[in-house]
Structure formats: C-alpha cells, structure tokens
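Use the sequences and the hints to build the structure in full.
Those protein sequence lines, which keep their order, are chains A, B and C.
If you use my numbering, the first sequence corresponds to residues 1 to 443, in order.
If you use my numbering, the second sequence corresponds to residues 444 to 747, in order.
If you use my numbering, the third sequence corresponds to residues 748 to 1060, in order.
Simulated from the structure, these hints should not be mistaken for laboratory data.
Residues of chain B clear of chain A, computed beta-carbon distances all greater than 12 Å:
hint: 1; residue: Pro-486
hint: 2; residue: Met-644
hint: 3; residue: Ser-649
hint: 4; residue: Gln-733
As a list, the in silico PhoX-like pairs of lysine-lysine whose alpha-carbon atoms are at most 25 Å apart:
hint: 5; chain 1: C; residue 1: Lys-948; chain 2: B; residue 2: Lys-633
hint: 6; chain 1: A; residue 1: Lys-140; chain 2: A; residue 2: Lys-160
hint: 7; chain 1: A; residue 1: Lys-140; chain 2: A; residue 2: Lys-84
hint: 8; chain 1: A; residue 1: Lys-202; chain 2: A; residue 2: Lys-421
hint: 9; chain 1: A; residue 1: Lys-391; chain 2: A; residue 2: Lys-177
hint: 10; chain 1: A; residue 1: Lys-421; chain 2: A; residue 2: Lys-431
hint: 11; chain 1: A; residue 1: Lys-253; chain 2: A; residue 2: Lys-421
hint: 12; chain 1: A; residue 1: Lys-438; chain 2: A; residue 2: Lys-250
hint: 13; chain 1: A; residue 1: Lys-160; chain 2: A; residue 2: Lys-150
hint: 14; chain 1: B; residue 1: Lys-519; chain 2: A; residue 2: Lys-70
hint: 15; chain 1: A; residue 1: Lys-183; chain 2: A; residue 2: Lys-285
hint: 16; chain 1: A; residue 1: Lys-383; chain 2: A; residue 2: Lys-150
hint: 17; chain 1: B; residue 1: Lys-633; chain 2: C; residue 2: Lys-774
hint: 18; chain 1: B; residue 1: Lys-633; chain 2: B; residue 2: Lys-562
hint: 19; chain 1: A; residue 1: Lys-140; chain 2: A; residue 2: Lys-371
hint: 20; chain 1: B; residue 1: Lys-562; chain 2: C; residue 2: Lys-774
hint: 21; chain 1: A; residue 1: Lys-438; chain 2: C; residue 2: Lys-817
hint: 22; chain 1: B; residue 1: Lys-633; chain 2: C; residue 2: Lys-978
All residues carry an ideal CB built from backbone N, CA and C; glycine is no exception.
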Amino acid sequence: MVDAETVLSRRKLLKGFAGTLGAVTLPAALAACGGGSKAATGGAGGGGGGGAQSLGTVTFGSNASDAVPKDAYEKVFAAFKAAKHGDVQVNTVDHNTFQEQINSYLQGKPDDVFTWFAGNRMQFFAQRGLATDISELWSKVGDNYSDALKAASTGADGQKQFFVPFYYYPWALFYRKSVFADKGYEIPQTLDELKTLAAQMKQDGLTPIGFADKDGWPAFGTFDILNLRINGYEFHMQLMNGQASWQDPKVAKVFDEFRGLLEHSQEGALGRTWQEAAQGVAQKKTGMYLLGMFVGQQFEGEAHDDLDFFNFPEVDSNVGADTLDAPIDGFMLSKSPKNETGAKALLEYLASGAAQNTYLQSDPNNIATAKDADTSGYNALQKKAVELIGKASNISQFMDRDTRPDFASTVMIPSIQAFIKNPKDVAGLTKQIEAQKKTIFAS
Amino acid sequence: MSALATSEKPAARAPVRVRPRARRGNRRVHAFLIVVSLVWLFPVLYSLYTSLRPYSDTAEHGYVSLAHSLSFENYKNAWTQADLPHYYLNSALVTIPAIVFTLLLASFVAFGISRYSWKLNLPLLMLFTAGNLLPQQVIITPLYRLFLEIPLPAFMSESGTLYDSFWGIIAIHVAFQLGFCVFVMSNYMKTIPQELSEAAMVDGASAWRQYWQIIMPLCRTPLAALATLEFTWIYNDFFWALVLMQSGDKRPITSALAGLQGQFFTNNNLIAAASLVAALPTLIVYFVLQRQFIGGLTLGSTKG
Amino acid sequence: MTAVRDSLAAPARERRKRPSRLTRTDKLVLVLMCGIPTILLIAFVWFPALASIGLSFTTWDGIGGLGTIKWVGFQNYHQIFTIYPSFGPALRHNVIWLAFLAAVPTTFGIFLAVLLDRQIRFTRVYQSTLYLPVMLSLALVGFIAQLFFSQDQGLVNGLVGRSGEAPDILGDPRLNLWAVLIAASWRHVGYIMVLYLAGLKSVDPSLRDAAAIDGASEWQTFRRVIFPVMKPINIIVVVVTVIESLRGSFDIVYVINGGKNGLELLNVLVYDNIVGEASRIGYGSALGTILLVISLGFIISFLVISFRREQRP
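Shown next as structure tokens:
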C-alpha cells in the first residue's frame, strides 16, 4: 500500500530525524564553546603583552539589569582585565528575578562571584553553607573598611566574613531644587513641618509625596524610617530579627504615622513602579519622594543636576534623626567556585577604591565603601551622602535585608500592600503578621 | 484539545446537506462576525501601531494619539539591544528537538496501545493523559531537585547536570506533552483498519516494520496537526525555562521577555515591538500551516 | 469491511480478534517502545507529583540535604487555612477565574462555533482571526494587557482620562482581576471555538435534517439534538477551561505584577513559596497539593467519562 502520500510522509519523518541530529549537535556545540554569547568583557583593548600570570576567567552573576549599572560594571571589569589580566564573564539576570531565584541559583551551579546585599539576607545564605568564608581575604583588605562595614559583612556567628562591600547609598527624601526655590519651600526639620509642607504643595498643584509599591518592597523604606524615628534603632533591629513582637504598641504607632503620611502621598501606589514615581519628580509633578539614592538613575542631564535630598525629619526629639537606611551592595563568593584564585583576586580588586571609583564614574548614584576611594570627584549629591552617612550613629540595611528573606517576601510584602489598601485596621494586620512571623522564625 | 480524537474518526456520511438559507439572516450573521473579528484583531493591531511609533512621539503626545511619525526604530532596537536573534536561537534549540522527540515517543506508545490489545493499555493511556493535565507548579520542587542530581556529560550541558541545560528543558517538555500526543495519536491509530496490520503480519512484517512503514505514513495528518500545536505550546512556554534555566542568556525568548520588561519598562513601544517579534514564529507557522491544522481538526468529516 | 468508529453518531462497531503472532523481537521492541516514554513520564511528571504531596507534610528549606527534612504532619495545611492572609484571596480568585471563563468566553466560543458551522463564506477568515490570540503566549497576552490597562500609559485610561479621573486598573485589587480576565478570555474564546467547531463538523448531518423536518428551530435543534450528542466535546471543553484557568493563569499574572495585590492565585503562591527567595518547600508543596487536589477532581471525572466511552462495545 505504498502511494505518493506514504512516500512523502516518510521523507518528512526522515527530514525530521536529520533535523534532530543537527539539533543534538547544536546544543552540544554551544555548550562546548562556553555558553555562546555570554558577555566576556575586556576582550579587545586591555591586557597587552606583559608577563603577568593570567587569572583565567571568573564568572560573575549579576542582578544589574538596568542600563546604567550594567554599563558601569562593564567598565570595572575592563579595568580589572587591564590591571590584573583576568577575564570576567558576566551573567546578567533581571534584577527582581535574580533575587527571587537566589535559592535555586546558589544550589545549582552559581557563578564564582555574585552580587548580593549585606545584612540578615547575607547571613541567611552564609549560615546554610551557600557561600565561601572569605575571612582570609578580609585580613588583607579589612583596613580599607570601617568597623561598621566589617560588622555588616560578618556572618551570624560574628566571626567569619562572607561579604565584600562595594557601594552604598542613603534613603532620603529627594526633590528638585528648582521646584523648591520656585515655590519658596523650606526643608522641614520635624514631621509636623513635613506635613505642613505637603499640604502647601498640594495647594500649589503638586503631588506632595511620591509613592509607588507595585514591586512590594519600596514601601518598606517608609516603614523603616518611621520606625527608626519613632522607636529608635535598637527596637527596629529587634523587630527585624524577630525578637520584638509586631503586636507591640510601638509598632502600632508606626503604622498610625504611616497612615498620616499616606494622606499626603501619591494615590494608586500599588499600580505604580518606583521608576514611574521617580519620573513624576523629574517632570516636576511630584514634590518629594522617599527612596534610595539610586533614584538618580531616572534623572538625566539638567534634571540630575537639579536633584537634591534631605534627611527624613525627626519625629520625636528624644530619638532624633541620626539613623537611616543605607543599604550596602556588594559581592559574595559562591560555595565551590570553579576559579577560586581568580575569584578572590577579583574580590580583592573590587574592594579597592580604584574599582569603586571606576564604577561610580558611570553610576554616580551611590558612594564608595572603601576608605581609599577618591571622593574628590564626587558630585554634590554624593558629597552630601558621605556627610549624612558619616554623621549617622547607626545605619540599617532596609527591611528586606535586615530580616529573614522568607519573612520579607511572603509576609511583609503582602502585609504592607494590604495596609496601603486598608490603613485603618492596624490591629488585625499586626496580629496576622505576628502569627506568621512566629511560624517562620521557628523553622 | 482532544477534539482531534473524536473528529478524526471518519464519519460515514451519506446525504449532502440541503437546507434553505435565508439571505437576510446570513447578512446579519456576517455583520456580527465582522464586528467580533475586528474587536478581536484590535489588541494586536494596537500593539503593532504602538510598536511603530518612536518613543519620542509617544513621550510627547501620549499613547492615545495619532502618530506624527512612524518608523521601524523600535524593531531595530529590539533586534540589537534586546539581542533577540540570540533568544530566537535558544527557542529553536529547545522547541525543535522537543517536538521531534515528543511526536516520536508518543507515536511509539500510541502504536503499542492501539494496535495491540494488552491488559495495560487502558491504565497506560490514562496515566499519559492525566500527566498532561497537571498544573506545572505542582511538580516543580522535586523536579528541580531531580534535575540537579542527574548528571550529563560536559558536551551536553555546561552545568554538568540537567539543571540549567537545554536538554533539561527539552526533557521536561517532552515528558509533559507526551500525554496529549499519546491520547490523540492512539485515537487516530485506532481508526486505521486492522486488516492492514493483519495483511502485514501475514507478509511476515515485524512490529517495527509495521510501525514504520504502514502505520506512521498514514498518520501524516495528525502528526502535522500535533506538530503545529506542540510548536505553539512549547515555544510559548514561560514557566519551565523561568525556573529550570538559570542563565539569563540561555533562556528561550518567551521567558527572556520577562527580563526585558524589567530592563525597558517605560518604553512600551520597544516592548510591543519585541513582543510582536517574539510572536512572529508562531504567527508564521499559523498562517502557513493553518490549512493543514484546521483541516486536521475537521478531518473526520471528509475522510471516508 | 469497515472497522471504523464514530463516537458521535452510533453505528455498530466491529472488532475482530487478531491472531497473536508476536515474535520475541516484536515483544521486546514493543516493550521498549512503550516502556521508554513511560519511564520518562513517571520520572519527570508522576514521581515529582507524588514527591510534592509527600513534601507537603514536612518542613524543609530546600537547601540542606534530604536529611534536613523534618516531618510536621498537617501543620502546613493548618497554617495555610488559618493564618495565611493570601490564601483566601487566592482561592477566591481561582474560583472566580474558573467561573468567569466557563460562563463568558466558553459560551461565547460555543456560540461562535455554531454560527460558523454553517456553510457561509469567509468562515476560514473568521476562524483565523478569532483563533489568532491562541497562538500568542500568555506572557505576551499579559504584556498586551498592560498596554491597554496601565495607569499612566494604557489605552483605556488614555480614552477615559479625557473625561475624568483615570482609574488605576491594574493597581486596584477590585478591578485588576477583571481586566486580566478580559485578556484571558480574549484568548480563550478562540480556543473553545475551534474545538467545538471540529466537533460540530463530525456530527451526523442526518440528525440535523431530521430535526429540520420535524420543524425544530435552530435553537431547539441545538439544545435538544446537537448539544447532547456533543457530550464528548462538551467534556473536553470543560476540562480545557479548568486546566487553562488553573495552569495558564500563572503566566499572565506573573508578567503583570508578580501575582500580588488582587491578582493572587494558588499557582503563584506555590511559586512564591518555593521558587521565590522564601524557599519554604514544605509550605509551598502543601499549596501545590491543594492545587493538585482541585485539578484531580476534574481530571478524574474526565478520565472516567471519556474512557468509559472507549470501552463500550
């Protein structure tokens, strides 16, 4: 029963097989040549002759998916290649996705070095053996960092270091100088003054305080700063590491003040990303915005020059206003890096002022952590940031880094979003948070 | 989804339908269908429109406005900045082998259970069919662990295991899609007359020869229809690659687009362009193979 | 000499018993042909499914080896049902998703299929147009939904905003689910339409003619004659709707806002707890098992009904 149809179909199947063979070899070919088009920087220019021993290729897992930081890292790695003759192969993943998948990433086949954050979030993974102890490296570069930074890089046992700080940045209220000058606004020194200013802005047709919480984490900044201002650093840290109860009336006070601020804040926050809210300030539609200094990435040209910030004002004069969130971004060494020597050399390089300065040239929305960084080239904002952080008696890392990551992502994100939707029921909310906290911190 | 099963059983059709048609009624129906079709096309057309407008145009006039200029600038940017050709390749590397293996293995099973009567036929069929109906999120953790444990030689996977490798994604696609294809193929194969197999057996043909030379050539139609469907489903998959592929640049295009959104979020024009470019292969397959595909679905009514 | 079956019209079916002349090689070949895919299926689908159920009774952070798994009985389930604020909304949204999909796009799809089943011209064109969204991935549908519904740049707000306050559709938990459902329906209609159309085409025309002769109107014909005979297709349509609502919803929702704030769904909760930074394996597996149980209800009914049909002599 062989007819034209059957012959045709057999040919089709055979073709399919040929295709398969091709497909079998193709992924193999790709796998063999080292992952195809992973960006291997520093190829073209640098690294001339020189008898310096090559450090080989170090793989680098990065969450710097936005254009500005991504570009800045490329420049740093080019400089590394020129100085130390090591290649860095960068594996960039979308910022939020990188964090979400960190668990499977670290247990799978992580890159040698990866970007991460200081705080509990770092200790969490160090404790579970997913990062390599780099205390030895710290004995070499430790002098280049302040004690506070060393403490932030140390594991939960207080002995070993697992983290290399790169840059940090303050959270503050950002605004455009020209808008304030135009309308004759003054920097508020207390919370009441802030509220008055907000009311004034509203009358002038501006949105007083920008607000965006679609991603769930930006609103943590507001909670953190209010908690620091109302209850002080000690209580804030106790709340973060699960020792204090969320049903403590101190916490209720924070939520009450938060509610007060919400009245002056941009509506519809749950549908807006921080980038969009920042655009509002850049376009002179919003008066002020509480965010990290990375907000500057959204400002270009003359708008960036016009950007300024002030410290969140004090609420209680007994507590003052000398603590703030200043998250530290940096790197860790994964559990079993393929190129340990090269990776450690890279980390050592990144711990130097030179590397940090190279980065900051392209992304001046942060400040360096290394002592030997050259701050003379800092712009006005950076200098102000150095001053602000320098004066701080304590800095916290931001809620999603100061507390357990599972608590922050599965409990706090939905809870704060629920609060924004319904700011009146604080008792019910804190009860739920506390109940969930107990089960999570117990495991 | 399994309409193929029932519709491919040839129906013994005798008289041709003769029904009087009211012209006016038809016109109304047409009018209604035209309106519905336009409404249905609108989202895609709007995306196309947005993608052809330069970012400066929409930044100045807003998105709901007549374009002052149109250009392919967004497409050019999507192609280069978002590195789309690379992701196309990734998708191809996953989709094409997955389709081939799925159809091959499914036809094996379908052949076994439809041409021979074993006690295990029905339970096996049920096992396969049910397997395709599970939500993906239910099996992800043990699957992820399993992938980490199964080693692969270095030439097949950079990571040394099934995790974060093309073969891993291909494997899970095959396993997951087998059920549906087995269901359809076995239903179709059951309609092939037993006499063919018997004649072959009398001629001394082995089971394999029966499969390869007799049954499979007759399955051209369901194979084509399934290939089209599977191509669409596997190409459009979002979840597996999101979770089982950790390297950003190895991900197929659909999962990679999520990362794109983070990178270019305010530039809706660019995202629209990239989305349409990503959808292009499925659309091409659809327009080219549509006749075969819909014909396959309606096969039952013409084969006799 | 025909050994053909048509399950919709019901002619008698012949099945002759085949002489068993399988050689040993044949048997081996057949065992391999069926065995290898079965092993693949069990290893990558069924084993993980069962393991998930098992893990739902444990606490594990997924990081330590298998030795760090702790048995906790029903504790995870207890927590989910009592203190997990996102669970209630997620369950509710899943039910709404299912109900909406069944009520609106499914019926509309069936309606369109009936309309297109007539021999009118351009039927292919209409079918192509309506089926087009099905070719797009759900993630893409999510992007397109954002083009329409985004607060600052969406089309809807652009049109409405001219007359009043622009609502925050995607950010308002009362509205966003419906916006997403509209997007999902846009896709679902075509899917159901094509399935139903295929089924309609194999309905024995003599049934319709008989009804026409009896003087039945279109609607009566459909309701009394065609619909009952389409039982297998009806079942398939139900199952597809259920599966799409339980499985396909993840992609759209994840792309729009990661499944928070009004777009919580069970499958996203599983993802958050397992794949997200949280890594609460036991807890997430319990959520997954709940999802599985809901799906299984429908899966089993489908299997029972469709395979009972197969066994009818």
